[in-house]
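Undergrad: Here the protein sequences come in this chain order: A and B. Per the working numbering, the very first residue in the first sequence carries number 1; after that it's consecutive. Per the working numbering, the very first residue in the second sequence carries number 1; after that it's consecutive.
In short, the hints are calculated from the structure, not lab data. In this text, all values refer to a predicted model and were calculated from it rather than measured experimentally. Every residue, glycine too, gets a C-beta built ideally from N, C-alpha and C. You may find that some hints are simply not true.
In silico DSBU-like links for lysine-lysine, alpha-carbon gap of 35 Å or less [stated by the list, open to error]:
#1 K40(B) to K61(A)
#2 K40(B) to K2(B)
#3 K10(A) to K61(B)
#4 K40(B) to K10(A)
Ranges of calculated distance between the beta carbons of each label pair, as one might list FRET restraints [stated by the list, open to error]:
#5 G29(B) to N34(A): 17 to 23 Å
#6 G12(B) to N11(A): 21 to 27 Å
#7 D53(A) to A20(B): 31 to 37 Å
#8 L14(A) to D48(B): 23 to 29 Å
#9 G12(A) to G32(B): 16 to 22 Å
#10 K61(B) to P16(A): 17 to 23 Å
#11 N34(B) to E60(A): 17 to 23 Å
#12 A24(B) to M1(A): 28 to 34 Å
#13 N11(A) to K10(B): 17 to 23 Å
#14 S51(A) to E52(B): 32 to 38 Å
#15 G29(B) to D48(A): 16 to 22 Å
#16 E52(B) to V67(A): 17 to 23 Å
Which bits of chain A does chain B cover? Going by a derived footprint, with three or more residues having C-beta under 8 Å, they are [claimed, not checked]:
#17 38–52
#18 63–72
Number of protein chains: 2
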Amino acid sequence: MKARVNVMLKNGVLDPQGAAVRHALGAMGFDGVNDVRQGKVIELDLADGTSEDTIKSMCEKLLANMVIESYTIEIL
Amino acid sequence: MKARVNVMLKNGVLDPQGAAVRHALGAMGFDGVNDVRQGKVIELDLADGTSEDTIKSMCEKLLANMVIESYTIEIL
Chain A
1 MKARVNVMLK
11 NGVLDPQGAA
21 VRHALGAMGF
31 DGVNDVRQGK
41 VIELDLADGT
51 SEDTIKSMCE
61 KLLANMVIES
71 YTIEIL
Chain B
1 MKARVNVMLK
11 NGVLDPQGAA
21 VRHALGAMGF
31 DGVNDVRQGK
41 VIELDLADGT
51 SEDTIKSMCE
61 KLLANMVIES
71 YTIEIL
């Protein structure tokens, strides 16, 4: 089975990478870019039957820094 | 409007970050992790009416390195 985990900085946490992308898009002539946030996407190829709780545990122990990041899990 | 762009390394391109995550999960006792690929997710807050072609153009000019990366666009 495959699962996709999105890890984003929480709202309110400064995102300098996203800000850099926003400025760069503006400088390249793309108008109307109000905000950009950049995060990580992690695609996991797991043994069949791995529970969502196990994936949550992977996220909280390793994939995301729960102090500043939040995650979402999608089973594909 | 909001759009989410996923940028992943193409198949066949070595992904040392993903490999590091896979090894770390194994070392932490999570079994059955066959493969991990890590990429970027970029959430764009755009002016209403921005066309998908414009977003494609942003991806190809800035957000993804088309030599080694592929992207998908989701309009939220």
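Undergrad: If a hint holds in the structure, say so; if it doesn't, say that too.
TA: Cross-check of the supplied hints:
Under the criterion of a C-alpha separation no larger than 35 Å, the hint pairing K40(B) with K61(A) is consistent with the structure, at around 20 Å. With a C-alpha separation of about 16 Å, the suggested pair K40(B) and K2(B) falls inside the 35 Å cut-off, and the hint holds. The hinted pair formed by K10(A) and K61(B) meets the criterion: a straight-line CA distance of about 27 Å does not exceed 35 Å. Of the supplied pair hints, the one linking K40(B) and K10(A) holds, its CA atoms being roughly 16 Å apart against a limit of 35 Å.
With their beta carbons about 43 Å apart, G29(B) and N34(A) fall outside the hinted range of 17 to 23 Å. A hinted range of 21 to 27 Å is violated for the C-beta pair G12(B) and N11(A), which are about 37 Å apart. Checked against the hint of 31 to 37 Å, the C-beta distance between D53(A) and A20(B) comes to roughly 24 Å, which is inconsistent with it. Taking 23 to 29 Å as the suggested C-beta distance range, the pair L14(A) and D48(B) conforms, at roughly 26 Å.
The hinted window of 16 to 22 Å between G12(A) and G32(B) is violated, with their beta carbons roughly 36 Å apart. With their beta carbons about 21 Å apart, K61(B) and P16(A) fall inside the hinted range of 17 to 23 Å. Checked against the hint of 17 to 23 Å, the pair N34(B) and E60(A) passes, with Cβ atoms roughly 21 Å apart. Checked against the hint of 28 to 34 Å, the C-beta distance between A24(B) and M1(A) comes to roughly 20 Å, which is inconsistent with it.
Against the hinted window of 17 to 23 Å, the Cβ-Cβ separation of N11(A) and K10(B) comes to about 32 Å, which falls outside the hint. Roughly 36 Å separates the CB atoms of S51(A) and E52(B), a value that falls within the hinted 32 to 38 Å. G29(B) and D48(A) have their C-beta atoms about 19 Å apart, which keeps the hinted 16 to 22 Å range intact. At roughly 36 Å, the beta-carbon separation of E52(B) and V67(A) lies outside the given 17 to 23 Å, and the hint is violated.
Note: the region 38–52 of chain A has 11 residues with beta-carbon separation from chain B under 8 Å; the three-residue rule is met and the coverage holds. Here the region 63–72 of chain A counts 1 residues with a CB under 8 Å from a CB of chain B, which misses the bar of 3, and the coverage is violated.
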